[in-house]
Every structure is written in structure tokens, then in C-alpha cells.
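A.B. asks: Next come the chains, spelled out residue by residue.
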Amino acid sequence: MTAENAADAPTRSKWRFLLPLAAFLVLAVLLFVGLGLNPREVPSPLVGKSAPHFELPQLHRPDQRFSEQDMRGKVWLLNVWASWCASCRDEHPVLVELAKSGVMPIIGLNYKDKREDGIAWLARFGDPYVLSAFDEKGKVGIDYGVYGVPETYVIDKAGVIRYKRIGIVTPQIVSQKILPLVRELNREK
Amino acid sequence: MKSKLLTALLLLAVALPASAGEAAPTAADVALEKRVMAISEELRCLVCQNQTIADSNAGLAVDLRNEVREKLAAGMSEREIIDFMVARYGDFVLYRPPVKITTVLLWFGPALLLALGLWLFLRTVLRRRASAMAPLSSTEHARAAALLKNTEGDR
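Taken in sequence, the protein lines are chains A and B.
Take the first sequence: its letters are residues 81 to 269, numbered as in the numbering used here.
Take the second sequence: its letters are residues 82 to 236, numbered as in the numbering used here.
It cannot be assumed that every hint is accurate.
Each computed DSSO-like pair below joins lysine-lysine, with the alpha-carbon atoms no more than 30 Å apart [claimed, not checked]:
(1) B:115 x A:192
(2) B:152 x A:219
(3) A:154 x A:192
(4) A:219 x B:230
(5) A:129 x A:217
Short derived list, chain B residues pointing at chain A, Cβ under 7 Å [as the list claims (entries may be wrong)]:
(6) 127
(7) 139
(8) 141
(9) 148
(10) 169
(11) 170
(12) 173
Keep in mind the hints are simulated off the structure, nothing from the lab.
Ideal Cβ placement from N, Cα and C applies to all residues, glycine included.
Starting from the given sequences, assemble the full structure and let the hints guide the process.
C.D. replies: Set out below in C-alpha cells:
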């Protein structure tokens, strides 16, 4: 660099060597935030839409059927579970506890399971569900965009999905997300 | 040697369930199967996110392939089936994300970075060349002469 040039822009070039560092910091922050994101949590297009219609036999009473229409006028939880699903077992005590509180009815969707396995599983770990619908082929699961059991939906009185949880429902999710939302939805007419 | 054996065993352990899980539904209609695969190539398997449902043998991928097959057999068009999947699983199910405001950076970010890099590179090269060619000014001549004199004086 010539002396003239250096004299031209002493202030401009004084901090220029910090530019790569700044760029690095920006990138580092971006990547760090990225680390905290869970790629498995895909935003569901169903939130804010009517819960897809289905009609399925019940798990315990094969001759009785259940449809999401039966829950019209109630705020309720739809929980997708299966006896083969390991994380459902982790989630289960939270649901049993929530059912005891009686804040809202919980309906189970027994997803791609064997009937006797599902019934035995509930007998062993407790049954938090008002009833479970039996989705043997997983067709209803596809309509609800299920891809990782367990999944949980909060559905309002008008039958609109208001919240979806992919993965296990933790006590934090219950106290911070589900309970406040259900209270709010119950106030709606 | 021991580690080689271990590696071989591990590889085998990985390969075995993969082949055991193979589910190749036999469709009599080869043309239909071709269309099923063509659509499946466009759909992401949400369980194993870097695979399409054509590549994956996860339970959900098999189910979705069957769903595609049934819908094709029922006379639905490719477009309708893709829309059906997007309505349930969101844009994420598309293996090629659509160009939208939220995906502009994804689509054009790399080109933008390349352009920025080229611009910086060219600017640096041109500046260097310009400063190398520029003749010395009189003050610079004087400074150079003074410096030279100093070094001679030191000897």
C-alpha cells in the first residue's frame, strides 16, 4: 500500500481486520442456534384447521365406533400411541396424571398396533384414555400427519386443531403449553 | 486385526436389519409401479429425513408408498397426490422445497455468497494491480532516498 493510500483512509482501514472475526461470530451464532433446533419437529399444517374426519372401532369394544364428531363441544386431547412405541412408555405417567386432574378428556389413537397388545399395554401401565380408537392400518394416522409416535393434538370445541406436539408430552409441556391453552379454549363458547 | 474384525461385524450388524426390513410390494402393473416410484422420489420420508419415501424402508415410508399406489389406482393425478401429502405433512414433505418467501435464502443464498466472493476477489486483485503499477509520488521518492541514505550511513 502506498503512503498516499494509507493517508487517504486511515479510519476506514483501522478496524477492517476485524471484519473476518465479525463474520465468524455471526456464523457461529447462526450455527449455535441451529444446534438447539430439533429437525424432527416439523411445523404441522394442520394447526388451525379442522381435525380430519375419521370413524374407527374402539380398542376395548370393537363393536363400538368412535368419531372425532363425538367430541363436538368439548376441548379435548387426542394422543397417538402404540404398545411398540418406547417413548410412549416414558410419556405415559404424565398422561395418567393429567387424566386424574380431569381438566379435559383424553382420547387415545392406538396407531398400527395389535389389539391384544394395546389392551395389555394399557392394563399394565394404566389407562388415561376415555377410550382409544383403534387405527390398525395407520390410515387415520396419515390423515393426521403422524410420523413419530407419540403425537398429541389439542382440539377445541369447534373441532379445530389448536396445538400439536410431536414427541413425548413432558410435565413442562403440560403446565406451560397444554393447560393454559385448554383453559383459554374452555372460556370460548 | 481385531479392530478389522469388529468393523466387519458392525457393518454386518448394520446391513442385516436393512435387508430384513426390505418390503417390496408386488404390483402386477409395472407402469403403475413406475408412477408410484416417480411420485415417491418427490416425497421426503419424515422419519429418516434425508431419504425420499422411495429410498426408505421405514414403516411410514412403506405406508405412504401404499397410499400413493392406492390413490393412483383410484385415478388421482400426481399433482393431487402431492397436494394430499402437503396438506397433511406440510411443505417439508416435498423433497424439493417450493420457492417461497421463507425459502428464498435457501434457494438463492449459495449463489449470493458466490457472487459476493467473486466481487471481493475481483476487487482485491484489481486494487493490487493498480497499486503495483502506480508510479511513486515525489514525497515517496524523497522518503525512499532518505531511507537508502540511512542504511548506507550505517555501514
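A.B. asks: Does each hint fit the structure? Answer for all of them.
C.D. replies: Consistency of the hints with the structure:
no., hint, verdict
1, B:115 x A:192, "holds (27 Å)"
2, B:152 x A:219, "holds (13 Å)"
3, A:154 x A:192, "holds (26 Å)"
4, A:219 x B:230, "violated (92 Å)"
5, A:129 x A:217, "holds (24 Å)"
6, 127, "holds (4 Å)"
7, 139, "violated (9 Å)"
8, 141, "holds (5 Å)"
9, 148, "holds (6 Å)"
10, 169, "holds (4 Å)"
11, 170, "holds (5 Å)"
12, 173, "holds (5 Å)"
This entry does not satisfy hints 4 and 7, going by the numbered hints stated previously.
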